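Go by the hints and put chain B with the ligand onto chain A.
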Amino acid sequence: MSIRDIFSVNRKKQRGNFSATKEKDFPEDLMTKCPECRKIHVTKAVEQNLKVCPNCQHHLKLTAQERVAIFLDEGSFTSLDDHLQTTNPLGFPAYVEKIEVDKKKTGLNEAVLTGVGTLQGDKVVVAIMDSHFRMGSMGSVVGEKITRAIEKATELRVPFIIFTASGGARMQEGVLSLMQMAKTSVALSRHSEMGLLYISILTHPTTGGVSASFASVGDFNIAEPQALIGFAGRRVIEQTVREKLPDDFQTAEFLLAHGQLDAIFHRHEMRDKVATIVKLHRKGEATHV
Amino acid sequence: MSKIMPFEEPVIKLREKIDELKHIAQDAEVDMSGEIEKLEARLEQLEKSIYSNMAPWDRVQVARHPERPTTLAYIDAIFEDFIELHGDRLFGDDAAIVGGIASFNGQPITIIGHQRGKTTKENIRRNFGMPHPEGYRKALRLMKQAEKFNRPIVCFIDTKGAYPGKAAEERGQSEAIARNLIEMAGLKVPVISIVIGEGGSGGALALGVANRILMLENSTYSVISPEGAASILWKDASLAKQAAEAMKITAPDLMDMKIIDTIIPEVAGGAHRDIDKQAKVMKEHLTATLEDLSVLNEEELVQDRYEKFKAIGQFIEN
Ligand SMILES: [Zn+2]
Chain A
3 MSIRDIFSVN RKKQRGNFSA TKEKDFPEDL MTKCPECRKI HVTKAVEQNL KVCPNCQHHL
63 KLTAQERVAI FLDEGSFTSL DDHLQTTNPL GFPAYVEKIE VDKKKTGLNE AVLTGVGTLQ
123 GDKVVVAIMD SHFRMGSMGS VVGEKITRAI EKATELRVPF IIFTASGGAR MQEGVLSLMQ
183 MAKTSVALSR HSEMGLLYIS ILTHPTTGGV SASFASVGDF NIAEPQALIG FAGRRVIEQT
243 VREKLPDDFQ TAEFLLAHGQ LDAIFHRHEM RDKVATIVKL HRKGEATHV
Chain B
174 MSKIMPFEEP VIKLREKIDE LKHIAQDAEV DMSGEIEKLE ARLEQLEKSI YSNMAPWDRV
234 QVARHPERPT TLAYIDAIFE DFIELHGDRL FGDDAAIVGG IASFNGQPIT IIGHQRGKTT
294 KENIRRNFGM PHPEGYRKAL RLMKQAEKFN RPIVCFIDTK GAYPGKAAEE RGQSEAIARN
354 LIEMAGLKVP VISIVIGEGG SGGALALGVA NRILMLENST YSVISPEGAA SILWKDASLA
414 KQAAEAMKIT APDLMDMKII DTIIPEVAGG AHRDIDKQAK VMKEHLTATL EDLSVLNEEE
474 LVQDRYEKFK AIGQFIEN
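First to last, the sequence lines map onto chains A and B.
The numbering used here puts the first residue of the first sequence at 3, with every later residue one more than the last.
The numbering used here puts the first residue of the second sequence at 174, with every later residue one more than the last.
Chain B extracted, bound-state conformation:
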């Protein structure tokens, strides 16, 4: 049974009641199809009203759902012939970022993404998707490889942030992130970033200097976690719900601020409810976005990225 989020409780409860009723009807051999039909219609209504009116904090719950599909799940569902490539050639291999080459619609492509675990054991191995410098340096190595062989790059963003640890600082966490930003700016191949879960701060942005940024409907992208914002703003991390609203971190918010280009709709209740269906929708968006970018030459791709980020920001010029 999948983890139930507070806002969807009415839906889950009604669904359970309908199932129960079906069983009872079957066992008692009574025809209750009329009643069941009515309840199912109500369920559909309820689903629609709840899942289409999600508050920012509800979306945070979906983005953090333990069963939310990860980078490797999408790689598995969308690409063919994926070969994972390891290591930064400098220090080690960071399991919090995965990357490799694959085939997409018959074309070679490089894929890089933050990788969370689903079980505790896997999460420990993946460091909860929070990379060290070697993760970012592996990502950059694979991007430069993609550029050499002239294939597009897709980055999946899914991290609470870069790991705040002693070793990470010693090995240059700042430089690793900063280097990715400036190097991504100059890449002569199409770069597409897709936020699939939580996009947390510089650790997310280090895979995010793309020609197009797409966000799954219930993913978030922020400068600081809602808990972090709450403890700074109101000295109380339990006010995360209010902070999630104040900080404007949802896909529609980022669309309004002209930071992202596309919102990828999610299946009702969140991507974890139907990964195959979700992957299909994502594949359509990825196909269309790659096609859009295919008309740009090397110089235009760099210029396109320049203009995209140059335009982000709000101020008064007088």
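Isolated chain A (complex conformation):
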């Protein structure tokens, strides 16, 4: 079965797991306009191409469920901590309401989906951030879910793989959201101490506090093509340094050229390549793939 087939088959299956609201992520529209080259495609053709523009290879955003479907072995995924609920620690007006809207929109309890599954037969724990949920920003629940997922990987002695997609800290949770950077780090430190593998896959966009914590400290830092990755926002930097930034500033390609990434993998080859990395880190077995 080709990876494209897996995508179309799994998608139907996954949808069942995540309630009927998922329909919204696959608009009725028969046509999709590429946000990069503006070319209009038949939606089905874009989906069959793993949501990569057939014209310019622009990688469109995926939902967390779509990522599960194209990355893990079919039917192997079991989610974790779907029950954790966001509160309103600073008492921001309408915060809880906004969360409720995005819960309905995405079928997720927060901006990250975590769980256990297999990747070409190898058991792994994954965390998949979803930028459709409050721009993938990290508050207490996102921090807690990622931390528990890392702890699960440590307990099971298996690799931890994260797909990042985040605008940074969740401002409505103030300094509590900042501290999630430290919380996930203490869990990663312990996972690493056990000699376990951590692969960070940075997707569009990965910025701010997420970029400045777990996203950047994988044993392998991988990115999707053209993904925006950076600490500070482009506008803030332009205002600070008063100089024009290059067009490719803070793209995956820019980071690769500046030594910040191990590799950029096209979405079509992501599953195979990452599975190979995992196989090369199997414990106590011949490592030939």
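Just so you know, the hints here were simulated from the structure itself, not pulled from any lab data.
Incorrect hints may have been included.
To be verified - Which bits of chain B does chain A cover? Going by a derived footprint, with three or more residues having C-beta under 8 Å, they are:
1) 329 to 338
2) 341 to 352
3) 387 to 399
4) 414 to 424
5) 477 to 485
These numbers come from a predicted model, not from an experiment.
Glycine is no exception: its CB is placed at the ideal position from the N, C-alpha and C atoms.
Here is chain B with the ligand on its own, set in the frame of chain A:
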């Protein structure tokens, strides 16, 4: 004359009046001691009521006061035999972070801190205390050195944030901060962080994965500056005062959220009013905190840090 903050104007004005009256009385050779005594009692009352009821925005003013003591001021006042150590061994030496070794109560210690300037010239040299990646990498190098020689680490946090610049991005600002977080998590020596001014975002946290976090009473610790929060929330940076309240960034706020362990009281009106007295109070707290941690072995220190940060966050589990 030190910069006057709006909220303390009544105190300053009354103090000036008393001084004036003293001069006049002296010159005219009239006994006004009774009146002066009364006014001084009023001044004391006024100081108490103003300085003990500071609003978040007042504290932000104190935290940003140009004469607020910096890392080097506390190093000078609290430690002995300080030797500053430079460079990250990779790119350069970032003056926005200082670090070195010293003696504290007769014991070796490593000290690292953000360093602001007080004059414009010094601020330019120090990049206003906003580090580049090489600053964080120098800090990490000195932490690993401390771990090798089994001495505790004290970090002073005092930055608006990591520098948002082109070169900083090119050299991996994100990775430098992220690396410090994960490496600090595993340090096998006691780590204490003290917020002495503004603790801004990831740039502050990169010196903050500690066993104990202490905050000076009028310092702040936040995910974004009040101005930044105001412009995002209400598209108006001038509403920073309201944002300072909404974002909960003061020491008492962080104590309530169970993020910090101790509030170090400040001298009335702010640490800049009496650095020697402030340093003495800080030294007492540092001594006690180090003593608390001295009973933990290497494994327990790492576990202690794990539990501290694992517990931070608010959510419903049902
Ligand atoms: Zn296109």
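Status of each hint after checking the structure:
no. : hint       : in the structure
1   : 329 to 338 : holds (count 4)
2   : 341 to 352 : holds (count 11)
3   : 387 to 399 : holds (count 4)
4   : 414 to 424 : holds (count 4)
5   : 477 to 485 : holds (count 5)
When each numbered hint is compared with the structure, no violation occurs for any of them.
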